[in-house]
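Chains as they are written, first to last, in this note's numbering: chain A, 1 to 243; chain B, 1 to 76.
No lab work stands behind these hints: they were computed from the structure. C-beta: ideal position from N, C-alpha, C; glycine also. Certain hints may be false.
[Unchecked claim] The calculated label-pair distances, taken between Cβ atoms and stated as ranges, are:
| id | chain 1 | residue 1 | chain 2 | residue 2 | range |
| --- | --- | --- | --- | --- | --- |
| 1 | A | Thr-163 | B | Ala-16 | 20 to 28 Å |
| 2 | A | Ala-190 | B | Val-66 | 25 to 33 Å |
| 3 | B | Ala-16 | A | Ser-13 | 22 to 30 Å |
| 4 | B | Ala-16 | A | Phe-12 | 25 to 33 Å |
[Unchecked claim] One side only, chain A facing chain B, incomplete, derived with CB under 10 Å:
| id | residue |
| --- | --- |
| 5 | Ser-57 |
| 6 | Ala-142 |
| 7 | Ser-143 |
| 8 | Ala-146 |
| 9 | Leu-228 |
| 10 | Phe-232 |
Given next are the chains, with one letter for each unit.
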Amino acid sequence: MSRRSRLGLFLFSAAGLGALLFWGVAGLPDFGHYRGPYGYVLNAVAQPERHVTNVVSATVFDFRGFDTLGEEFILFAAVMGVALLLRDVRDEHGGQRDEVRGDALRLVGLGFVAALFVLGLYVVAHGPITPGGGFQGGVVLASAFALVYLAGEYHGYRKLVPTPAVDFVEGTGAGAYAVIGLVSLLLGTAYLHNFGPLGTSGTLASGGTISMLNIASALEVSAAFVLLFTEFLEELIAAEEHR
Amino acid sequence: MIPLQAAVIGLVAVGAVAVVLTRDLVRLAMASSLYALLLVVLFLVLQAPDVALSELVVGAVGFPLVIVVAIAMERK
């Protein structure tokens, strides 16, 4: 096929694709004009029926809680896959080469660890009230641990997050989510139906099972990300020692 | 669309092109992290703070971290 005919074919198909895209985009609702009914329904019922002020949490952990169970186990399975592939029987690695030597960097970095940890707990705890929740807060918590390595040293990081404990927390978080659903079934309602005491809107203990599932997913997500980081780090250090 | 939203959408477009045009891998990790920060601002401006938080931790911290570790391993 000559260069000329290839160019012709490209221009023809690009024009066709462009026209289709333009047609599709022109048919979209105008910017800021939401047409679906569900958003309005959820906005209207989440606070009166579930006593939570963060509608996103109510949606994720209650109205479509079963989808979130699936998402939770996608993360769980992915991290287990990483652990299966990368983890082998090995001792903690020796050496001090990872130590951060600058005092200022260490001090500021380790100061941020405390701040990040508190921020993570805050974001998790306020899941039913303000934006955030188990997933976001969980990853913030995990990054607080990662910062111990980044600003401090490898041994401190490993002592802080021993693998058996992280495995346990991750499994507990994932399992607790499924078990809370089973409790709903035992109470004679649908799987993951909200059975908890709903509490007072705007307080930390509001939302019933929304709060419980929120904390379960925080455990799962934070441990999953710590595990992921640890496995990659171990791999890196093993490669360094092998050299 | 208010001017602020239009401006941030423009910045996101510029950032996306910058990520595509970056060839050096370490710079790519930094560029994608900054691009994720732009997306965080966009989500915030569009009043989606939940999504902004997720994007912040995954896009601006988690993803670049994994890339940097992968680059370091590849260089050993």
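Structure-based check of each hint:
1. A:Thr-163 to B:Ala-16: 20 to 28 Å: 38 Å, violated
2. A:Ala-190 to B:Val-66: 25 to 33 Å: 38 Å, violated
3. B:Ala-16 to A:Ser-13: 22 to 30 Å: 23 Å, holds
4. B:Ala-16 to A:Phe-12: 25 to 33 Å: 27 Å, holds
5. Ser-57: Interface hint status for Ser-57 of chain A: holds (8 Å vs cutoff 10 Å).
6. Ala-142: 8 Å, holds
7. Ser-143: Nearest chain B Cβ about 5 Å off; hint holds.
8. Ala-146: Where the cut-off is 10 Å and the nearest Cβ of chain B is about 7 Å from Ala-146 of chain A, the hint holds.
9. Leu-228: 8 Å, holds
10. Phe-232: Given a least distance of 5 Å, the restraint on Phe-232 of chain A holds.
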